[in-house]
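Novice: For the sequence shown, numbering that gives the first Met the number 0 assigns the number 0 to the initial residue and increments by one for each residue that follows.
Where hints are given, some of them may not hold.
What the hints assert, rightly or not - Okay, derived cross-link-like pairs now, DSBU-like style, lysine-lysine, Cα gap no bigger than 30 Å in a straight line: (1) 458 with 323; (2) 203 with 127; (3) 127 with 220; (4) 8 with 31; (5) 146 with 323; (6) 323 with 385; (7) 385 with 31; (8) 127 with 306; (9) 481 with 385; (10) 385 with 458; (11) 200 with 306; (12) 8 with 203; (13) 2 with 323; (14) 343 with 24; (15) 481 with 458; (16) 146 with 200; (17) 343 with 306; (18) 306 with 323; (19) 24 with 306; (20) 306 with 8; (21) 438 with 481; (22) 200 with 127; (23) 220 with 200; (24) 458 with 8; (25) 127 with 24; (26) 481 with 323; (27) 24 with 8; (28) 127 with 146.
It is worth saying that the hints were derived from the structure and are not from the lab.
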Amino acid sequence: MEKTVTMPKLGMTMEEGEVLNWRYKEGDSVAKGEPLVEIMTDKVNIEFESPFDGHLVRILARDGDVLPVGSPIAVMNDGKEEVTPAQEVSLVTQHEAPESLALLASVQDGNVKRLLHQHPVPSTPAAKRAATSYGIALHAVEQSGAKLPLRLSDITAYVEQTSKRNGQVHQPSASGIASTPDVEIATSPQTSVRATPVAQKIAKEHQIDLTVIAENKASGKVTRADVEAHLADRLQEAKPTQAVPATSSVQHAEESEVIPLTSTRRLIGQRMVQSITTAPHIYLDVDIDMTEAERCRQRIGHSLQDKGVPIPSVTALLIQASAKALLLHPDVNATLEAVGPQGKDAIRRWRHVHIGIAVDTERALLTPVIRNAHQQSLQEIAQSLKRITAAAREGTLKPDDLVGATFTISNLGMYGINTFHAIIAPGQSAILAVGKITKQPVVVEDGDTERIEIRPIMKVSLSADHRVLDGASGSRFLSQLKTFLEDPYLML
0 MEKTVTMPKL GMTMEEGEVL NWRYKEGDSV AKGEPLVEIM TDKVNIEFES PFDGHLVRIL
60 ARDGDVLPVG SPIAVMNDGK EEVTPAQEVS LVTQHEAPES LALLASVQDG NVKRLLHQHP
120 VPSTPAAKRA ATSYGIALHA VEQSGAKLPL RLSDITAYVE QTSKRNGQVH QPSASGIAST
180 PDVEIATSPQ TSVRATPVAQ KIAKEHQIDL TVIAENKASG KVTRADVEAH LADRLQEAKP
240 TQAVPATSSV QHAEESEVIP LTSTRRLIGQ RMVQSITTAP HIYLDVDIDM TEAERCRQRI
300 GHSLQDKGVP IPSVTALLIQ ASAKALLLHP DVNATLEAVG PQGKDAIRRW RHVHIGIAVD
360 TERALLTPVI RNAHQQSLQE IAQSLKRITA AAREGTLKPD DLVGATFTIS NLGMYGINTF
420 HAIIAPGQSA ILAVGKITKQ PVVVEDGDTE RIEIRPIMKV SLSADHRVLD GASGSRFLSQ
480 LKTFLEDPYL ML
């Protein structure tokens with residue numbers, strides 16, 4: 000019995016996933032629990048395990064395809080008999096064709112060709128591949144009521160509908176549409192050409208037929224360099240009579256690089272735009288003397304080193320001080336709910352403190368969460384911080400490690416940044432931006448006398464949602480944070 004494997008929902012906020020790498024080939028035997036495919040969510044890469052024993056009949060989603068949660072990505076059988084790609088049965092046979100092909104057969108060949116060429120159907124690459132594999136005209140799927148652009152799920156749904164009407168279960172064929180003497184289905188000349196997105200874009204802009212380039216290419220995808228070389232040859236053949244001083248588009252293309260937007264980068268951008276356009280930000284800055292905080296950190300660190308535990312970092316101390324201050328100022332540890340329990344806008348104050356820590360990784364900026372930071376000791380916070388930052392950089396975070404923060408800290412001090420203002424994460428009312436510690440002259444009062452000393456000063460900035468709290472509330476929180484860090488023994 001065949002079973003469909005769909006794009007899994009690997010986190011509360013996941014809406015789509017990108018297929019990175021299949022661990023098995025079509026026809027391979029797969030045991031339940033074995034890594035089947037690596038999927039990139041909007042935040043982390045995860046190996047999705049096979050939900051049952053069986054054989055991988057067909058891969059529907061190729062590497063690089065981005066699909067919504069619930070979309071079919073593969074077909075597996077129940078493991079009772081091995082199925083290889085060579086055993087697959089063609090969807091379209093000599094005796095019975097799908098309803099869409101029967102309908103097209105009643106139209107003259109010339110009209111069919113002209114119709115398909117003049118009215119291309121917007122579709123995702125995965126949908127086009129599936130339609131070609133199953134031998135389905137994209138126009139037939141569009142006419143069935145599917146919403147444009149067509150996705151892989153639309154193709155599979157159409158296959159299921161036509162299979163039920165015909166009374167048989169159809170399988171995709173290795174060669175695509177079976178030829179019939181009465182009908183020829185014309186497709187776009189670039190449909191069967193494998194090309195990079197950049198190459199397709201340049202070809203579309205300059206009306207270049209990719210099939211011409213593919214015919215002169217030994218193997219592999221058509222790349223940007225292939226298209227640009229073809230365009231350069233075409234421009235040279237034109238041989239303008241007068242020299243044109245302007246630089247050609249090809250030369251401009253050589254001076255730049257186009258990098259596809261990853262799902263993570265796209266999601267970050269969407270959330271930042273959402274926050275900055277809906278939440279009126281206010282910014283509050285304060286200088287904190289870190290003299291006593293550094294002494295406290297070193298004293299505690301020396302006692303922990305005897306137990307084999309490293310000295311807590313400044314970030315760990317910041318987390319503890321922030322958690323304590325948030326308990327005393329719950330306005331900052333809150334969420335604006337557009338529709339509250341009584342059907343009106345409301346502010347939800349959280350009794351727990353979950354602090355997100357911005358971590359820079361090779362892939363993107365991630366914000367793993369330290370849960371119940373207000374209940375943890377400095378040593379426990381330091382251990383939690385070490386664990387989540389290592390997991391973020393190694394790519395082993397779980398989706399649940401990245402959700403649920405009630406407050407965020409972003410520390411760019413290690414990069415030499417003195418001060419900056421951060422954008423509030425959606426669902427929170429504030430974020431703390433931390434700069435580097437610098438030695439500065441400070442006036443120290445000692446009774447009736449004053450003297451100047453060089454002290455380690457750290458500047459922090461609070462970005463707050465003015466819908467949830469005003470400047471006074473944010474200032475009181477910062478004042479409390481400053482007190483805890485300048486006299487850290489108050490919070491121990």
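Novice: Could you run down the list of hints and mark each one as holding or not?
Specialist: Hints, one by one, checked against the model:
Restraint check for residue 458 and residue 323: the C-alpha separation of about 19 Å stays at or below 30 Å, so the hint holds. Restraint check for residue 203 and residue 127: the C-alpha separation of about 17 Å stays at or below 30 Å, so the hint holds. The straight-line distance between the Cα atoms of residue 127 and residue 220 is roughly 17 Å, inside the 30 Å bound, and the hint therefore holds. Note on residue 8 and residue 31: the hinted pairing holds, with a Cα-Cα distance of about 18 Å set against a maximum of 30 Å.
At most 30 Å may separate the alpha-carbon atoms for a hinted pair to count; residue 146 and residue 323 exceed this at roughly 51 Å. Under the criterion of a C-alpha separation no larger than 30 Å, the hint pairing residue 323 with residue 385 is consistent with the structure, at around 20 Å. Simply put, residue 385 and residue 31 have alpha-carbon atoms about 33 Å apart, too far for the 30 Å limit, and the pair is violated. Straight-line distance between C-alpha atoms of residue 127 and residue 306 comes to about 61 Å, which puts the hinted pair past the 30 Å bound.
Distance check on the hinted pair: residue 481 and residue 385 sit about 24 Å apart at the alpha-carbon level, within 30 Å; holds. Taken as a hint, the residue 385 and residue 458 pair is honoured in the structure, with Cα atoms around 24 Å apart against an allowance of 30 Å. Distance hint between residue 200 and residue 306 is unfulfilled; the C-alpha atoms sit about 60 Å from each other, more than 30 Å. Restraint check for residue 8 and residue 203: the C-alpha separation of about 35 Å exceeds 30 Å, so the hint is violated.
Among the hinted pairs, residue 2 with residue 323 is inconsistent with the structure: their alpha-carbon atoms are about 52 Å apart, more than 30 Å. Restraint check for residue 343 and residue 24: the C-alpha separation of about 53 Å exceeds 30 Å, so the hint is violated. Taken as a hint, the residue 481 and residue 458 pair is honoured in the structure, with Cα atoms around 10 Å apart against an allowance of 30 Å. Restraint check: the Cα-Cα separation between residue 146 and residue 200 comes to about 24 Å, which is no more than 30 Å; the hinted pair holds.
At roughly 53 Å between alpha-carbon atoms, residue 343 and residue 306 are farther apart than 30 Å, so this suggested pair is violated. Distance check on the hinted pair: residue 306 and residue 323 sit about 26 Å apart at the alpha-carbon level, within 30 Å; holds. Only pairs whose Cα atoms come within 30 Å are accepted, and residue 24 paired with residue 306 is rejected, the gap being roughly 50 Å. Simply put, residue 306 and residue 8 have alpha-carbon atoms about 42 Å apart, too far for the 30 Å limit, and the pair is violated.
Proposed proximity of residue 438 and residue 481 is supported: the alpha carbons are some 17 Å apart, at most 30 Å. In summary, the hint linking residue 200 to residue 127 is supported, as the alpha carbons are separated by about 17 Å, within the 30 Å threshold. Of the pairs offered as hints, the one joining residue 220 and residue 200 holds, with about 14 Å between alpha carbons and a cut-off of 30 Å not exceeded. Taking the CA atoms of residue 458 and residue 8, the gap is about 41 Å. The hint is violated against a cut of 30 Å.
For the hint pairing residue 127 with residue 24, the CA-to-CA distance comes to about 21 Å; that is within 30 Å, so the pair holds. For a cut-off of 30 Å, the pair hint linking residue 481 to residue 323 stands: about 12 Å separates their Cα positions. Note on residue 24 and residue 8: the hinted pairing holds, with a Cα-Cα distance of about 23 Å set against a maximum of 30 Å. Between residue 127 and residue 146 the alpha-carbon distance is near 15 Å, which keeps this suggested pair within the 30 Å criterion.
When held up to the earlier numbered hints, the structure conflicts with 5, 7, 8, 11, 12, 13, 14, 17, 19, 20, 24 and fits the remainder.
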